[in-house]
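Residue numbers (our numbering), protein chains in the order written: chain A, 1 to 633; chain B, 1 to 334; chain C, 1 to 287; chain D, 1 to 336.
Since the hints were derived computationally from the structure, they do not count as laboratory data. Any given hint could be a false lead.
[To be verified] Not the full set, but computed from the structure, chain A residues with beta-carbon under 7 angstroms of chain C:
1) D159
2) A160
3) T162
4) V261
5) G460
6) Q490
7) E570
The C-beta atom is built at its ideal place from N, Cα and C for all residues, glycine as well.
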Amino acid sequence: MTRLRAWLLAAALLALAIPFSPTPATAQGIPQNIPRKELLILENPEGTIKNAGWFNIWAINAGSQSNGLQQAALDTLWYIDPEKGLDGPWYNSLAADKPVYNADFTEMRVKLRRGLFWSDGVEFSSADVKATIDIQVKNANMRFSAVLANNVASVEAPDAETVIFKLKKPNSRFHTNFTVRWGAVWILPKHVFDKVEDPAKFDFNKPVTLGAYTLHSFDPDGKWYIWQLREDWQRTSLGSLGKPGPKYLAYVDPGPPDKRVIAQLNHELDVIHDIAPEGMFTLAKQDKGTRAWFKGFPYGHPDPTLPAVIFNTQNENLKNRDVRWALALMIDVKAVSMAAYRGAATISAIAVPPTGIHPEAYHKPMEAWLKDFEIDTGKSKVKPYDPTVGKQIAEMLRPSMGDQIPSDPAVIGNSFGLGWWKTNVAAAGELLTRAGFRKQGNQWMTPDGKPFVVRLMVEGDLRPVMTRAGTMIVQQWKQAGIDARIDVAQGTLVTRRAAGDFDSFIGWSVETWGGHQDLSYFMDSWHSQFVAEPGKPQPLRNWQRWTHPELDKIIEDIRKIDFDDPKGVELGRDYVKLMTREMPIIPLMAYNVFTAMDQTYWTGYPTSDDPYANPVTNWGNSRYMFVRLKPAN
Amino acid sequence: MNAYLAYFAKRLVQFVVVVFIGVNLAFVITHASPIDPVEQSIAAVTSFGSTAPEAIAAMRSSLQELYGLKGTVAEQYVTFWSRVLRGDFGPSLSAFPTPVSSLIGRALPWTAGLLIVSTLITWVLGNLLGGLAGYYQRNRTLKLMGVVAMGVHPIPYYIVALMLLIIFGFLWPVLPITGGSAMNLQQGWNWPFVSSVARHSILPALSLILIGLGSWFLGMRSLVSNIVTEDYVVYAETAGLDSRRVLGSYVMRNALAPQVTGLAMSLGGIFNGAVITEKVFGYPGVGTLLVDAVYAGDYGLVLGVTTVSIIAVSVGVLVIDLLYPLIDPRVELR
Amino acid sequence: MLAILRDLIRYNLEFRIGLFLVSIVVVMAALSVVSPYPAGDVYVVPPDLPPSTAHWLGTTSRGQDVFWQLTAAIRNTLFFGIMVAALSRVIALVVGLLAGYSGGWIDRVLMSINDTFIIIPLFPILILFYFVLRDSMSTPLLATIMACLGWAYDARLIRSVALSLKTREFTQTSIFSGMKTHEILAREHLPYVLPIVFSTTMNNMNWSIGIEVTLAVLGFTDINTPTIGGMIYWANQHTALVAGIWWWIAFPIGLVVMTFVGLFLLAVSMNEYIDPRSRLARMGGGR
Amino acid sequence: MSGAAEQAPVLQVRDLQAHFRTHYFGVNREVRAVDGVSFDVNRNEIYGLAGESSSGKTTLIKTIAGLLKPPLEMVGGSARFSFLPDWDAVGRAPPEVVRAIRWRHLSYIMQGSMNVLNPLRRIKHSFRDFAWRHLGGSKAEFDLRAAAHLERVKLDPSVLAAYPHELSGGMRQRVTIALATICKPEFIIADEPTTALDVVVQKDVLGMIRTIQQEMGSSVLFITHDMGVHAALTDRLGIMYAGRLVEDGETPEIFARPLHPYTRHLIGSLPRIGDTEQREGLEGTPPNLATPPPGCRFHPRCPLAMSVCTTTVPAMIETLSGHRVACHAVNPGMAA
């Protein structure tokens, strides 16, 4: 038996020794052979890439896009920043200037920059742009085939620096297809694709890049990609803005939120794309080097999207705007903000995201109109707008968060938002009554005598913060006497959203440029001509399947004016007023993304103090961050 | 010899039955899915861009063509079986146009490696310690192990994996908690990569081992404590055989046969554990692939992974069954 | 039966510990009836409070009291386990008794199916079911599916007992007295297999609860019903672990581990009581 | 070896006591399975032990052979083998000493011989396990020796390569006998070796045991409840009842003149040719040894029971030459 004991002891010691022997304990996830101070490690929110060796972004649904491919390797004509930009939000990237349309918007002329080269030494020219359109129009199975085929009659490249698009119909916003906010139609290398038989089945490995970086190495299991700064980085559009700081970029899959937090605490992940608010608070508390968009509360970077309760307006009960307004008045947005973001949300009462330049263009100018806005419930007249809700949330948080909460009202307005609808269950009841609903005990019944059931669809784990907001709203509706139910559609939400198989869901049908006041980004697709029959798939983005003659008029007016025409803002305000009266969606807040940036190895990240770019790692625009990053010490 | 032939024939028939039932189950279940892969792809393509509604309709129709979703269920069923037999499951919809089989082919070695190594360690160690505990019933260390085994064994894989993650990834962060190997290593038979793979597999393997150990330990202990009363053991002891020889060739050797059968019976359960463990530790195996495929609504991949797992586990069982006569010559008793 | 229980309590330490653990769990579940907060509601108490006299086990980031949330969760989890166990017992009994008693081709066919269910990895199949049912996957439906998958092991055990019963004299007597097959199985054989049924119930509950926890954590179950797995799911959603809200994860895990160990010890000690060989070994005291 | 040693008994059992001590479910139980047994086994003889099942025969030989496992304990007395002169019982010698004499000097043919061979080991491996260390030599030499020995029990050498399940019951029994005798031990304990065999095979096996014993000059302690076997095989015979020896002597003498009423019952219950009337059975059952009856343990069932029998244990007295008996009816007034 003594021998047995000795064996057991030896085995135990061996087992303990193995993990610590081969590599130092800190080296969990940082690459070997690359100096850490030359390397920026970013999260690729797409997770593990199943077909890691696929770089042909022009094929449908294949490979990764935000593994560095669209951030560091590809390029297109223009970029628009959701924030202020390095030198204004508009970038001429491959194009030398803004697009020039003819009078009836049926032709777009683009002048290209010269002196830009592909990573294999071939010079970029108008032929590449023409090939990008021609190849995708010819092969109908490619990512941008449909949109290009729909718009473009022909492309001409009269010389190396000029491209002329002849459009099939007037379109004053055609250039936006080549303008990166998150992504766009990327320009492909003609000299590579010319040799390819079927461009949809070509893996483009190793990619020939037009961006400042080339592929260094990648994991065949799809967990990481490493990109290296090109020797000739000056011959790229990004290089003209200065030398990018990091010599190497690693886009990695760091796992679920808690692992991301652990990785950044260990300084093995410089930029986290997004985490739960609690994870953000932990990082802010435990890691002095971590910086988020806002220095203090509410930290997160507001995306130019507008999470809202989106109603299926083809649903019999929800057709009536009184019912939709009643449901809005039952919501206490303070509690929703607490539940979803622990208060770290930027609320918005109107149907424009409270981000980028929108507060200046819409929210602040419309404050007066909102304060006067009145609804007639049939029994009483109510002014539902409470301009102090943002401040109330800040005050609610101050006891527990202390100094992290700003005290300057202007800062509060920017970070927490301005006002929202005051909870008014009584007025909501009056509205429901007018709509023919009756209250039986504590339960609202529909006009035909059935319990008023509202299912609120959420995406579960895939959008945790939205799921949390939905849970809270359902609880508030329940307390107000509605048979509300949460409906977790993890993985099925997109299918059901398109099919109209929902009563309501948390999501966004409003999504904008952020850095530009133009609203056509989402609004054009809201025209009644695109609304599908109940049960038929609805094209994006009018998920609420809502139509209104006034809306159609606004859309048609916008189509006729230029992208930068100041009239666009006025039309936008008309849209806001219409949306407020009709309430087809209940706007809640900006989609705050908790992008956490670790300043241990790199400094100079974009923040609310210096809002030159969007730090969110998967956006194509995030590349502008690279030229500002400097090694720490 | 006839007894062996009959035995092998029986095992083979059982193998075919298992694969047939399992694969059909997988086909039927997947084809009832409400997820429309076309909508899923369109959503993925258009989620961040502004695409005109007319373009979507065009895309929808070309995708249906591309994915080969036109055709009746019966036609798809026939195609499916011919594909299974050829080991080709068509293209993955969420990683189009990469074939499902190559995705599985990449993930399978990870899972197989993790599973085989940890199962062998678990089985050998659990049976060894359990055997000793059954034989030396008064030994305190072994008794304590029994208590620990009873405490750990019934806990589900997920909880153990989570506890290991908390301990070694957070409270005492000494081990990698995600991925199959470190970044920027050339995959192949080189020391940095192999040692990195070994380090990365410690926690996933440990959670599989901790759970499995208990069941083999307890099973073997009770088997051995019954076998020590068997006549041939008593007789060998009576003859003054060396106690190690008695323990090894008489007690353990005879307890082994049922434990080998047990191994075959529990392969499916062990595979379940691997799926969960892989997901917790972000390990690049078929378990992660399966869960991700479910999230992505990629039914070609889901079907492929499920079919391959069913076949792989059945083959594992068949192999053990075919090796069984080496361990116990009395096949006619089975 | 009572005498056996008394003996087990008096002389079997494992049974005593098991009973103790399971009692705690059952008491917790019973307490859910007097919970001051509705189990489904959030933000009813201040969030993120550590354990204190006001909130014994602290509060969650969703503003729920961990203790009271736990009572509802463990109740639902236990119900789920019992539901699966009850349903799968029925299948296992029918298949096991029928196969053991009938023999011949019925036995061969049934056991072939049975072995298939033992061999097939069930977790991917369950994930498949989730893949298909998605949003309509309710707790009772999940319980039914699990029961349909989780009977095979126990059916085999029951069959082996039934096989030995078949050769007993009383079975022959029953046949000669003209009893029908189902009568013989129900009246004569059932009592003999009941002890096995009881002990396998515990193990089956462990299995089903374990799977439920795992599925819930992966987000593959109905999150409207509070369960132990659901609690861990929500805690993960709020990164409770790294946020330092350890009580949100530690207590559910602690309680569910108590459940597992308790049920397992009950099963083991009952098994030992049923199996005379191991009882004899205990009497012998080993070496 | 000196002539005196030649004549000395190989085994001397004196006042041997062995009890089962259990503690389970809170109850202490002490079963006096062997209670004061004394007898000798001489060189080159077969000594039979007879008695009903649970009379303590098996416990007795386990104690003698030193196969003591809890709860069985040797409580008192001695069982001394001539080849182990320094220790008064095998069970009291140190393990290495015991290991050295086992099989070399003392071997054992066990009850339930169908299952005494390891089912997963070929016969030759069993032989090697059991005897190689005593006999030495190379593996090949040893295997040849085993094959030769198997021929003595009329088994083909090919049996060596077989697994037990491939052999018939009789063959297995013969293998067991070969296994127990290959080292030519001085003393063989055989516990019901033929019980499970059919009559023809049984006769065969018994003959074989006798032949081998005579060839090797060993002593055999042979246990069976079957008086017919004793009559055919053993040289001397001891009768056990409820953990005590009640009578012993030369086998023909005992069969000719059984003195103890229990012996008479055992012999009387043997069927004989020409039996016409139904034989009288013995009433009652053997006593519970946890609470044995006081005095003579046979008295509750004894047709000759007297009052002294209920209080006083009768002494074992050599009533006739070489024929001992413990009975108040035979030896009045002789208390133990």
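Query raised in the report: Where does the structure disagree with the numbered hints, that is, which hint numbers, in rising order?
Result: Numbers 1, 2, 3 and 7 - these are the hints that the structure violates, sorted from lowest upward.
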